Amino acid sequence: MLCPDSQMEALTQALQDGSGSDIQAVDRLIADYPEDPRLHFLRGSILAGIGRSIEALAALRQAVELAPEFAIARFQLGFFQLTSGEAAAALSTWGPLALLPDDHYLRHFVAGLTRLIRDEFEEAERHLREGIAANSENPPLNRDMELILSQVNQISAAESPTPENGDASATSFLLDQFSGRSGR
Amino acid sequence: MSRARGPSGLELVLRPARVEASLWRRLRLEAQFECRTELFDRYAAFARGIAGSRYRRRASKRVDRSDFEQFAFEGLLEAIDRFDPLTGVPFTAYARRRIVGAIADGVGRMTEVDAQMTQRGRLERERARSLTASQLASLQPADPLAALSDLAIGLALGLMLEGTGLMAPASGADPRPTPYEGAAWREMQARLVREVDRLPDRERLIIRQHYDTGLSFTHIAQMLGLSRSRVSQIHRSAIDRLRARSGALK
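Just so you know, the protein sequences line up as chains X and B, in that order.
In terms of the numbering used here, the first sequence opens at residue 29 and continues consecutively.
In terms of the numbering used here, the second sequence opens at residue 91 and continues consecutively.
Rather than coming from a laboratory, the hints here were simulated on the basis of the structure.
Computed from a predicted model, the values in this text were never measured in an experiment.
Glycine included, C-beta positions come from ideal geometry on N, C-alpha and C.
Incorrect hints may appear among the rest.
[Said to hold, decoys possible] For each label pair, taking beta carbons as the anchor points, the in silico distance ranges come out as:
1) Ala-126(X) <-> Ser-317(B): 43 to 51 Å
2) Arg-199(B) <-> Ile-78(X): 40 to 48 Å
3) Leu-119(B) <-> Gln-41(X): 30 to 38 Å
4) Ser-120(X) <-> Arg-172(B): 26 to 34 Å
5) Glu-120(B) <-> Gln-182(X): 30 to 38 Å
6) Arg-276(B) <-> Ile-78(X): 15 to 23 Å
7) Ser-120(X) <-> Asp-291(B): 17 to 25 Å
8) Arg-171(X) <-> Ala-194(B): 46 to 54 Å
9) Asp-291(B) <-> Leu-119(X): 16 to 24 Å
10) Arg-276(B) <-> Ser-120(X): 40 to 48 Å
11) Ala-218(B) <-> Pro-124(X): 51 to 59 Å
12) Ala-126(X) <-> Glu-120(B): 23 to 31 Å
13) Gln-182(X) <-> Asp-291(B): 28 to 36 Å
14) Leu-119(X) <-> Ala-149(B): 52 to 60 Å
[To be verified] A few chain B residues facing chain X, derived, Cβ under 7 Å:
15) Ser-98
16) Gly-99
17) Leu-100
18) Leu-102
19) Leu-104
20) Arg-105
21) Arg-108
22) Ala-111
23) Ser-112
24) Arg-115
Just need the whole structure built from these sequences, with the hints factored in.
Shown next, in the form of C-alpha cells:
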C-alpha cells in the first residue's frame with residue numbers, strides 16, 4: 029500500500045520548510061507504508077544531505093528495488109554511486125534507463141556522464157547540453173548538470189580544484205526533485 | 091575539448107566523503123577486502139605523522155623512527171578493522187587514539203635486544219629469508235655459487251626498490267641522490283619501477299607496501315587477510331619475476 033498523496037505532500041512541505049526532525053518523520057511513514065518507493069527515495073535524499081552516505085545508498089537502492097521503473101530514483105542512485113567512485117555500479121544501475129525514449133533527458137544525462145568518465149569531454153558536453161535542453165520537468169537536475177558542465181569548461185581553460193559539492197546542497201536538490209514528483 | 095593534464099572526468103564528479111563511505115561500506119558490508127588496502131593507503135601518511143610527532147617526544151633514544159612508524163601502522167590496521175563507520179565518529183578521531191596506544195605499547199614492550207635491531211633491519215632480514223627459501227628450493231648441489239648469486243641479485247633488487255619512491259616518500263627520508271646513484275643506477279631504478287607496475291596485482295601491492303610504505307610481511311598479511319608465509323611467498327615470486335625481466339642485472 030502506498031502512502032496517500034496528502035500525507036506525502038504534507039511531509040515534503042514540512043521538510044522543505046525545515047520543520048520537524050526529518051528522518052524520524054520519514055521513518056514513521058515508512059513504518060506505515062514500507063513498500064512506498066517514494067518514501068525510501070526521500071529517506072535516501074535526506075541521509076545523503078546529512079552525510080550518512082552508507083545508509084543513503086541503502087535507501088536509494090531500496091527505492092529502486094521496490095520500483096524498478098522509478099526513473100529519477102534510478103538515475104539518482106547511479107549518480108550517487110558515480111560520485112562515490114563506483115563507476116561500474118553506476119553504469120549497471122543506469123542500464124535499464126536505456127528503455128526510455130531516445131530524446132528523454134535522463135538518456136542524455138546518462139550518455140553525457142558515461143562519456144565524461146571516459147574522458148570524452150566534447151561528447152560529454154554535447155549530451156549534457158542536449159539533456160538540459162530536453163529537460164523541462166526537472167529544473168533542479170539541470171542545475172546539477174550545469175555545474176558539471178562548468179567544471180568541465182573550467183578545467184579545460186585552466187587549473188581548477190575538485191568540485192566542492194556540499195552534501196547540504198545535494199539534499200535540497202534531491203528534495204526539490206522529489207517535490208516535483210518527476211520521472212515516475 | 092582535449093586537455094593535456096588535470097583531473098579526469100571521473101575525478102570531476104567524485105565527492106570525497108562519499109568515496110570514503112563507499113570504501114567502508116564495501117569492506118564492512120560486502121566483504122571486499124581490497125578496500126582495506128585502499129583505506130590503509132589513505133591514512134598511512136596520517137599514521138606516519140603521529141609516529142613522527144611521538145618520535146620527537148620519545149623518552150628513550152634506543153628506539154628507531156622506523157619502529158615508531160611500524161607500531162603506528164599496526165595501530166592503523168587495528169583501527170581499520172574495528173572502526174564502525176555508522177557511528178558518525180570521524181575515522182581520524184577514532185584511529186588517533188589507537189595509533190598513539192599502539193606506539194606506546196610497542197615501544198614499551200621492546201626489549202633492549204629488539205631495539206638494537208631497527209625495523210629496517212628486521213625488514214631486511216624478513217626479505218632475505220623470503221628469498222633464501224626460494225634459493226634453497228632451487229638449489230642445485232652442483233651449482234651453489236649460482237644459487238648464491240641469484241640470492242644476491244634478489245637482495246640487490248630490493249635495495250634498488252627502496253630508493254624508488256614508488257609512492258609518497260617516507261617522512262624523514264633524504265630524497266637527494268647519493269654518490270652511489272649514478273646514471274646507470276637511476277636508469278635501472280626507473281626500469282624497475284616500470285616493471286613493478288607490470289606485476290600481477292597482488293605482487294605489485296606487496297612490493298609497494300613492503301618497500302615503499304615499509305610494512306612488514308606480518309602487517310601486509312593482516313591487511314590482505316593472508317598468512318605471513320603466503321605473503322613471503324608472493325614477495326619471492328615478485329622478486330623472481332622482476333629478476334627475470336631485468337635481464338641487464340644478470
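Hints and how they fare:
1. Between Ala-126(X) and Ser-317(B) the beta carbon distance is about 46 Å. The supplied range of 43 to 51 Å therefore holds.
2. Look at Arg-199(B) against Ile-78(X): about 42 Å separates their beta carbons, and that is inside 40 to 48 Å.
3. For Leu-119(B) paired with Gln-41(X), a C-beta distance near 34 Å keeps the hint of 30 to 38 Å intact.
4. Look at Ser-120(X) against Arg-172(B): about 32 Å separates their beta carbons, and that is inside 26 to 34 Å.
5. Judged by the Cβ atoms, the range 30 to 38 Å given for Glu-120(B) and Gln-182(X) holds: they are separated by roughly 35 Å.
6. As the Cβ distance of Arg-276(B) to Ile-78(X) is approximately 51 Å, the hint placing it in 15 to 23 Å is violated.
7. Separation of Ser-120(X) from Asp-291(B) is about 22 Å and conforms to the stated range, judged on CB atoms against 17 to 25 Å.
8. Remark: the range hint 46 to 54 Å for Arg-171(X) to Ala-194(B) is upheld by a beta-carbon distance near 51 Å.
9. At roughly 22 Å, the beta carbons of Asp-291(B) and Leu-119(X) sit within the given window of 16 to 24 Å.
10. Against the hinted window of 40 to 48 Å, the Cβ-Cβ separation of Arg-276(B) and Ser-120(X) comes to about 45 Å, which satisfies the hint.
11. Taken as a hint, the range 51 to 59 Å holds for the pair Ala-218(B) and Pro-124(X), whose Cβ atoms sit roughly 56 Å apart.
12. Our hint of 23 to 31 Å for Ala-126(X) and Glu-120(B) holds, since their Cβ atoms are close to 26 Å apart.
13. Distance hint check: the CB atoms of Gln-182(X) and Asp-291(B) are about 35 Å apart, consistent with the given range 28 to 36 Å.
14. In this structure, Leu-119(X) and Ala-149(B) meet the distance hint of 52 to 60 Å, their C-beta atoms being roughly 55 Å apart.
15. The interface hint given for Ser-98(B) is met, as the beta carbon of that residue sits about 6 Å from the closest beta carbon of chain X, less than 7 Å.
16. Hint on Gly-99(B) holds. Least Cβ distance to chain X is approximately 4 Å, under the 7 Å limit.
17. Taken as an interface hint, Leu-100(B) checks out: its beta carbon lies about 4 Å from the nearest beta carbon of chain X, inside 7 Å.
18. At about 5 Å, the closest approach between the beta carbon of Leu-102(B) and any beta carbon in chain X falls short of 7 Å, and the interface hint on this residue holds.
19. With a least beta-carbon distance of about 6 Å to chain X, the hint placing Leu-104(B) at the interface is held under the 7 Å criterion.
20. Restraint check, Arg-105(B) versus chain X: the minimum CB separation of about 5 Å is within 7 Å; hint holds.
21. At a threshold of 7 Å, the smallest CB-CB gap from Arg-108(B) to chain X is about 4 Å, leaving the interface hint in force.
22. Here the hint on Ala-111(B) is kept, as its CB sits about 3 Å from the closest CB of chain X, short of 7 Å.
23. Because the smallest distance between the Cβ of Ser-112(B) and any Cβ of chain X comes to about 4 Å, under 7 Å, the interface hint for this residue holds.
24. At a threshold of 7 Å, the smallest CB-CB gap from Arg-115(B) to chain X is about 5 Å, leaving the interface hint in force.
In summary, the structure is inconsistent with hint 6 from the numbered list given earlier, while agreeing with all the others.
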